[in-house]
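Chains C and W, in that order, give the protein sequences.
Residue numbers for the first sequence follow our numbering, so the first one is 39 and each next one is one higher.
Residue numbers for the second sequence follow our numbering, so the first one is 376 and each next one is one higher.
Keep in mind that a hint or two might mislead.
Said to hold, decoys possible - Keeping only pairs whose Cα atoms sit at most 25 Å apart, straight-line, the calculated BS3-like set for lysine-lysine is:
| # | chain 1 | residue 1 | chain 2 | residue 2 |
| --- | --- | --- | --- | --- |
| 1 | C | LYS114 | C | LYS127 |
| 2 | C | LYS127 | W | LYS432 |
| 3 | W | LYS693 | C | LYS67 |
| 4 | C | LYS251 | C | LYS356 |
| 5 | W | LYS530 | C | LYS247 |
| 6 | W | LYS830 | W | LYS746 |
| 7 | W | LYS731 | W | LYS465 |
| 8 | W | LYS782 | W | LYS830 |
| 9 | W | LYS530 | C | LYS251 |
| 10 | C | LYS309 | C | LYS270 |
| 11 | C | LYS78 | W | LYS465 |
| 12 | W | LYS465 | C | LYS75 |
| 13 | W | LYS693 | W | LYS413 |
| 14 | W | LYS815 | W | LYS584 |
| 15 | C | LYS127 | W | LYS782 |
| 16 | W | LYS830 | W | LYS731 |
| 17 | C | LYS356 | W | LYS782 |
| 18 | W | LYS830 | W | LYS432 |
| 19 | W | LYS746 | C | LYS79 |
| 20 | C | LYS127 | C | LYS113 |
| 21 | C | LYS302 | C | LYS271 |
| 22 | W | LYS746 | W | LYS432 |
| 23 | W | LYS465 | C | LYS74 |
| 24 | C | LYS67 | W | LYS465 |
| 25 | C | LYS270 | C | LYS316 |
| 26 | W | LYS432 | C | LYS113 |
| 27 | W | LYS782 | C | LYS114 |
| 28 | W | LYS778 | W | LYS746 |
| 29 | W | LYS638 | W | LYS731 |
Said to hold, decoys possible - To give an idea of the interface, some chain C residues facing chain W are shown, with a C-beta separation under 8 Å as derived from the structure:
| # | residue |
| --- | --- |
| 30 | ARG100 |
| 31 | GLY134 |
| 32 | SER139 |
| 33 | MET212 |
| 34 | ARG341 |
Claimed, not checked - Per the computed footprint, the stretches of chain W lying under chain C, defined by three or more beta-carbons under 8 Å from a beta-carbon of chain C, are:
| # | region |
| --- | --- |
| 35 | 414-425 |
| 36 | 475-481 |
I should point out that these hints are in silico values taken from the structure, not numbers from a laboratory.
Built from N, CA and C at the ideal position, the CB exists for glycine as well.
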Amino acid sequence: MSSVQDVNPMVRGIRAPTSLQNLAARIAKEIRQGAKKPFKKVIDISAGDPHSAGMAPISFVRQVLAVCLYPELLKKQSLPSDVRRRAQKLLGVCGGGSLGSYSTTSCGIPRVQQSVAEFIMRRDGGVTSQPENISISSGCQKTLSLVLHLMASGEGETQTGVLTPMPCPHTLPMLLDTCRVTLVPYQLMEDRGWALDLDELRRALETAKGRCKPRAIYISNPGNPTGHVQDKKTIEEVIRFAATEGLVLLAEEVYQDSVYGQDKEFISYKKVLFEMEKKYSETVELISFNSISSACMGECGLRGAYMEVINLDPAVHKYLRNMQATSSPPVLPQLCLEIMVNPPSPGDPSYETHTEEIHHIQTTLAKNAQRACEFLNDLPGMSCPPTMAGVFLYARLHLPPQMIEEAKRLLEEEGLFLGAGCENGQEDQNYHIRMCVLAPPATLDEVLARLRSFHLRLLNRFP
Amino acid sequence: MSVLQEISSNMKNVKHPSAVLARQASRINKELREGARKPYQEVIDVSLGDPHRAGVKPLSYVRQVLAACIYPQLLDSTGLPVDVRQRARKLLGDCAGGSVGSYTETAGIAQVIRRISEFIMRRDGGVPSYPENIYISPGSRWSVMNTFNMMVNNKGPLRTGVLTPVPCQSCTIMSITMLGAAVVPYYLNEEQGWELQVEELHRALESSKGMCNTVALYVNNPGNPSGHVQSRKSMQQVVRFVSENRLFLLADEVYQDCVYGEKSEFLSYKSVLSEMGPPFSDTVELASFHSVAQGFMGECGLRSGYVELVNLDPTVMKHVYTQFSKDSCSPVLGQLALDLMLHPPQPGDPSYPLYKEEIQNIRSTLVRNVKRVAEVVNSLPGFCCQPVEGGAFVFPRLYLPPKAIQKAEEVGMQPDTFYCARLLEEAGVFISPGCEDGQKEGTHHIRFSIMTAEKTMEELLSRLTCFHTQFMKDFS
Chain C
39 MSSVQDVNPM VRGIRAPTSL QNLAARIAKE IRQGAKKPFK KVIDISAGDP HSAGMAPISF
99 VRQVLAVCLY PELLKKQSLP SDVRRRAQKL LGVCGGGSLG SYSTTSCGIP RVQQSVAEFI
159 MRRDGGVTSQ PENISISSGC QKTLSLVLHL MASGEGETQT GVLTPMPCPH TLPMLLDTCR
219 VTLVPYQLME DRGWALDLDE LRRALETAKG RCKPRAIYIS NPGNPTGHVQ DKKTIEEVIR
279 FAATEGLVLL AEEVYQDSVY GQDKEFISYK KVLFEMEKKY SETVELISFN SISSACMGEC
339 GLRGAYMEVI NLDPAVHKYL RNMQATSSPP VLPQLCLEIM VNPPSPGDPS YETHTEEIHH
399 IQTTLAKNAQ RACEFLNDLP GMSCPPTMAG VFLYARLHLP PQMIEEAKRL LEEEGLFLGA
459 GCENGQEDQN YHIRMCVLAP PATLDEVLAR LRSFHLRLLN RFP
Chain W
376 MSVLQEISSN MKNVKHPSAV LARQASRINK ELREGARKPY QEVIDVSLGD PHRAGVKPLS
436 YVRQVLAACI YPQLLDSTGL PVDVRQRARK LLGDCAGGSV GSYTETAGIA QVIRRISEFI
496 MRRDGGVPSY PENIYISPGS RWSVMNTFNM MVNNKGPLRT GVLTPVPCQS CTIMSITMLG
556 AAVVPYYLNE EQGWELQVEE LHRALESSKG MCNTVALYVN NPGNPSGHVQ SRKSMQQVVR
616 FVSENRLFLL ADEVYQDCVY GEKSEFLSYK SVLSEMGPPF SDTVELASFH SVAQGFMGEC
676 GLRSGYVELV NLDPTVMKHV YTQFSKDSCS PVLGQLALDL MLHPPQPGDP SYPLYKEEIQ
736 NIRSTLVRNV KRVAEVVNSL PGFCCQPVEG GAFVFPRLYL PPKAIQKAEE VGMQPDTFYC
796 ARLLEEAGVF ISPGCEDGQK EGTHHIRFSI MTAEKTMEEL LSRLTCFHTQ FMKDFS
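Just chain W, with the same shape it has in the complex:
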């Protein structure tokens, strides 16, 4: 393998998000540790949707239960609330040998899966959910890739294509390319709050004819990084579109708990599909994804999620099982965390008051952050920010002066990356450039997470305001 030519060509085609900013952040952190003097004392990292990194605290109940599962001796002490200990005992009872160190069945612990299906049914007002259609995964990226891999055909005359939104989180794009498939971009409508418009879906699909064999439509709702929450009408249009064109619907719904807009409400694709009745409800093939990383739990590092597959042919499901079997099982602690996320403490449980308080705090922090970001960013000339109805990010449009764009070209960077690099260096704020997630040609954006502690957000906005004002002056 010492020769590059021998590397699989799929790998070579994958575009990797620029590691430039990550390396720069690393360097700056090192310098700060070594005592270098800078206009800031630490780097605020909001480049990923990683709440704990940015100061949001984990939920006590979750961590207590997991700690007791990992070290069951804690069950003997009275230090932990009684419902924590009961829950931990129950979960350990579901693990082979009573240990989180044992392998589980491929799809996950049977009892946890059953409870996932119960959650889904409750959420969707009674629409049936079958445990055999649910697979627990080490994170939504893994589920998306493995589900999508089922449909890819690298032996056909045309490459397999997937309709993918612009903007879209870069790791989804990478996953698709790594599997040898083609991304068929459809542009979300920025001026309409990043709305998905079905005419654009038609246009994109048309344009792909003859170039690739498009088999699926990938949607994320709430949008990442767009922050848009789809309306029922829009979702029905999507369902009709995939039905007419016999496409598989991949619905990434990991931010379903994070909806802030007063008039917005999360609806699952499954419930919309079911409401529409036959023929849609029993023919449209759907995969919906959820994870523990993105809600109020914010447990990105635990890596856990699930996929529910709807309306797949039973013989196809056999192959799904085979495909998913190759990876042994999902990390057990993550599986348990998933259970805790979907079945939290209830009123009357000893842990409920604290749990409720923590969730409310996180929720009000996020609602406040979203409001503050809109206020501050929209007041700065050169920025235009669509309302964030849900999700973890804000994706404001950046109108860069021509001199800045020119300078960026000179140093060989994308203009928005150039802006981010300057912001990082001069103000110690680590955000991501819009070019990583895709944007219309000629436009520029920045992206940062709104899942931070309140004071972190205030600090961030203050540094951004200062920097931006100076930047625009310097390049006017």
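Same shape as in the complex, but just chain C:
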């Protein structure tokens, strides 16, 4: 592999990540080495990473995990009794009572699969969920790439295609490239708060035919980065569309715990599917994804996620399980997942604190989203539709192209790291920025101040 020519052509074909991450890392290093900059540190709100912005983790979660890591803490009376009980229970399902043992069933610890299944059943008002349909791994991208690898085949015209929303989660386009799958874009309707439009789906599918073999449709609900929450009617339409066209539904539902819009409610694709006629509920293949990187948990660094597989051919499902056999998922995130889906109940010592913390996160998010949205709309040349869920704001820049080039300076001049819309797949002339608004209010103030200062300077440079 002495030269680029020898590198796997498929790897060469993966679109490179934007240089922003490298730039941010370089600036952070320079600051650590004492370089003087107009700002003390880089604020990175390009990813959905609340902890890095200063949001506190959930106490119950961290307490239980601490005890699991260092069981001597079981003797510590100052830790609530339900924390110690839960830790003991979880340690009991680890080999040798230690989370250092391999998780031998490659799809996850059975107790955790069970808890996830119970959570799903509760959430969906009783629709059955089988533990053996739950597969746990270290992060959504990992689980999704397993599924994509399974479906990926062919090249050029016969290459597997996935209908992908524009905009989509910023890590998705690279992932599709890596799995050798063609991204077939379908535009979300910006003027309708980024709603999904069936006609657009059909158009996208039509244009794909002959260019690749579309096999799946990727949905992000609540939308990442749009914050749009799909209503039941839309979900039903998408399901019917998938059924008619023989597409597998890949439903990423990580931000289901972050709906704050008035009169908006998260409904899972599974619930809607099971309320439809048998010809859909028993045949449409659906894989739904959730993770501990959700808004309330924010445990992005711990890396844990699950997928639930519905209506997949048992032989195909077996392959999927076998594929996980090369690498068992880490144990600690699985325990974290168990706590996420099975929080303290009313009456438990930790219940009140836990509920308060969750409530605090949700209100902070709602307030921040509203404030930031108003703020951005006040800036000339920027517009941002009101959001209803998720941790991002996705604002449009109505600026001429030369200004966009200058926008990259935001990181260097203000130490503010936002996400660029092109990472979310948008290749058209409608430039967007993406920012995570789940942060302590003081941090958000700082972010908005730096943004305004830069934006106004930018406008002044190009009168």
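On the provided structure of chain C, position chain W as indicated by the hints.
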């Protein structure tokens, strides 16, 4: 995707280790839980290199620091030693927002990577190690797969091939096949303690010509499951071989801390390469892998390791970055554990005495286990065990009587799997058959981990002796 035909053909080609024994163990455990009467009270599971599962305790210092990182309120109490709290504070300072729940840079936390390079330099007597060549990963399997994926070319006329040892841990084989590449086996020499012989490498490479395009050589040292520790001479021969044949050297060195043989010493491929000087030292492309799972830490469940890439073209490294970027970052707690493994307490630190004691205990347990296994297994007729110089496993040769082989065929099992299934059922000992890791045609082996508590090993050996004697009698 409801039709099997639509599954990627690479997936279909992957051979999976038999789940038969795992299912059987599950069933037996369930029966025991439900009160069934058996000649044993619990199953001893030594099928994987999983020390904690088999009773080895985690290191206190490691767990204390990680607990404080996960729940920083513990830093306020005096319950934890002062150096634990200092270390935790330092590590949390390296995490964005002071939380282990934040994403890190793709390759890992910058300060941890820098310290990894310092460790490597110290270990190799000063040979430079550059942080930009190091990537932290969620386990060595992941790093091997991602590194190897860089070299695979599924568009060429011939499949990409990798020279792989026999025996070799099955998940490496699976990873290679899953990527669409071909395994080109080279046989380790059992009679010489599973030594790697360069003539065999030549033979294997020759045999692959015309069948696949061999681009790499995979070596594990100390050997898994062979337990062999390579000599400097052997490693130099390997370096010359890969250099002559322009192969990429994938050196899996996860067991570098586990060397027991009195005359054995772990040498890293990087240090050997550097000693050999130019042209080898600046042209041979090398990837070396390490992990937290396999040393005395035994933290298999934390899933963390790193890969250091040496002598890769800078333009190729750009693609490495892209390839590794697709997976966000490695789990943070694992990254911190890696730091703790490579930079443990030093003499003078409050935690040092306990740490030293725990490490010594684990080490002497393992040395003792290796000795006991050799004594007991070699005394049983029908077994022949090569000396275990390092690693986590023992891989004794099993000479099965013809009647046993016949019976195995009748029930549709590999003969060594059949032996293991019987052992599991009748004696409650869960080991793995040699066929999973590969062996010469017509030979049979068993594999089990030597990383267990002492009394677990004694119990295991006693049950094995009993069972084996009876088995050989039954099938004589």
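A quick look at each hint next to the structure:
A distance of roughly 16 Å separates the Cα atoms of LYS114(C) and LYS127(C); the hinted pair therefore holds under the 25 Å criterion. With a C-alpha separation of about 19 Å, the suggested pair LYS127(C) and LYS432(W) falls inside the 25 Å cut-off, and the hint holds. For the suggested pair LYS693(W) and LYS67(C), the alpha carbons sit about 20 Å apart, so the restraint of at most 25 Å is met. A C-alpha spacing of about 23 Å is found between LYS251(C) and LYS356(C), which places the hinted pair at or below 25 Å, so the restraint holds.
As the CA atoms of LYS530(W) and LYS247(C) are separated by approximately 24 Å, the hinted pair is consistent with the 25 Å bound. Between LYS830(W) and LYS746(W), the direct Cα distance comes to roughly 14 Å. Compliance with the 25 Å bound is thereby established for this hinted pair. Restraint check: the Cα-Cα separation between LYS731(W) and LYS465(W) comes to about 22 Å, which is no more than 25 Å; the hinted pair holds. Taking the CA atoms of LYS782(W) and LYS830(W), the gap is near 33 Å; set against the 25 Å cutoff, the hint is violated.
Between the alpha carbons of LYS530(W) and LYS251(C) the distance comes to roughly 19 Å, so the proposed pair stays at or under 25 Å and holds. Restraint check for LYS309(C) and LYS270(C): the C-alpha separation of about 10 Å stays at or below 25 Å, so the hint holds. Annotation: proposed proximity of LYS78(C) to LYS465(W) holds, straight-line Cα distance about 19 Å (limit 25 Å). Under the criterion of a C-alpha separation no larger than 25 Å, the hint pairing LYS465(W) with LYS75(C) is consistent with the structure, at around 24 Å.
Restraint check: the Cα-Cα separation between LYS693(W) and LYS413(W) comes to about 58 Å, which exceeds 25 Å; the hinted pair is violated. A distance of roughly 21 Å separates the Cα atoms of LYS815(W) and LYS584(W); the hinted pair therefore holds under the 25 Å criterion. In summary, the hint linking LYS127(C) to LYS782(W) is not supported, as the alpha carbons are separated by about 43 Å, beyond the 25 Å threshold. Between LYS830(W) and LYS731(W) the CA atoms are separated by roughly 22 Å; this keeps the pair inside 25 Å, and the hint holds.
Using a Cα cut-off of 25 Å, the hinted pair LYS356(C) and LYS782(W) is violated, with the two alpha carbons roughly 29 Å apart. For the hint linking LYS830(W) to LYS432(W), the alpha-carbon distance of about 13 Å falls within 25 Å, and the restraint holds. Straight-line distance between C-alpha atoms of LYS746(W) and LYS79(C) comes to about 56 Å, which puts the hinted pair past the 25 Å bound. The hinted pair formed by LYS127(C) and LYS113(C) meets the criterion: a straight-line CA distance of about 15 Å does not exceed 25 Å.
A distance of roughly 13 Å separates the Cα atoms of LYS302(C) and LYS271(C); the hinted pair therefore holds under the 25 Å criterion. For the suggested pair LYS746(W) and LYS432(W), the alpha carbons sit about 21 Å apart, so the restraint of at most 25 Å is met. Between LYS465(W) and LYS74(C) the CA atoms are separated by roughly 23 Å; this keeps the pair inside 25 Å, and the hint holds. At most 25 Å may separate the alpha-carbon atoms for a hinted pair to count; LYS67(C) and LYS465(W) meet this at roughly 16 Å.
At most 25 Å may separate the alpha-carbon atoms for a hinted pair to count; LYS270(C) and LYS316(C) meet this at roughly 17 Å. For the suggested pair LYS432(W) and LYS113(C), the alpha carbons sit about 18 Å apart, so the restraint of at most 25 Å is met. Taken as a hint, the LYS782(W) and LYS114(C) pair is broken in the structure, with Cα atoms around 56 Å apart against an allowance of 25 Å. Under the criterion of a C-alpha separation no larger than 25 Å, the hint pairing LYS778(W) with LYS746(W) is inconsistent with the structure, at around 31 Å.
At roughly 23 Å between alpha-carbon atoms, LYS638(W) and LYS731(W) fall within 25 Å of each other, so this suggested pair holds. The interface hint given for ARG100(C) holds, since its Cβ lies 4 Å from the closest Cβ of chain W, which is under the 8 Å cut-off. About 4 Å separates the beta-carbon of GLY134(C) from the nearest beta-carbon of chain W, less than 8 Å, and the hint is met. Against a cut-off of 8 Å between C-beta atoms, the interface hint on SER139(C) holds, since the closest Cβ of chain W lies about 4 Å away.
The interface hint given for MET212(C) holds, since its Cβ lies 5 Å from the closest Cβ of chain W, which is under the 8 Å cut-off. Interface restraint check: ARG341(C) against chain W, minimum CB-CB distance 4 Å, threshold 8 Å, status holds. Residues of the region 414-425 of chain W with a Cβ under 8 Å from some Cβ of chain C number 3, which satisfies the need for three, so the listed coverage holds. Counting residues of the region 475-481 of chain W whose C-beta lies closer than 8 Å to any C-beta of chain C gives 7; at least three are required, and the coverage claim holds.
The structure is inconsistent with the numbered hints 8, 13, 15, 17, 19, 27, 28, although it conforms to all the rest.
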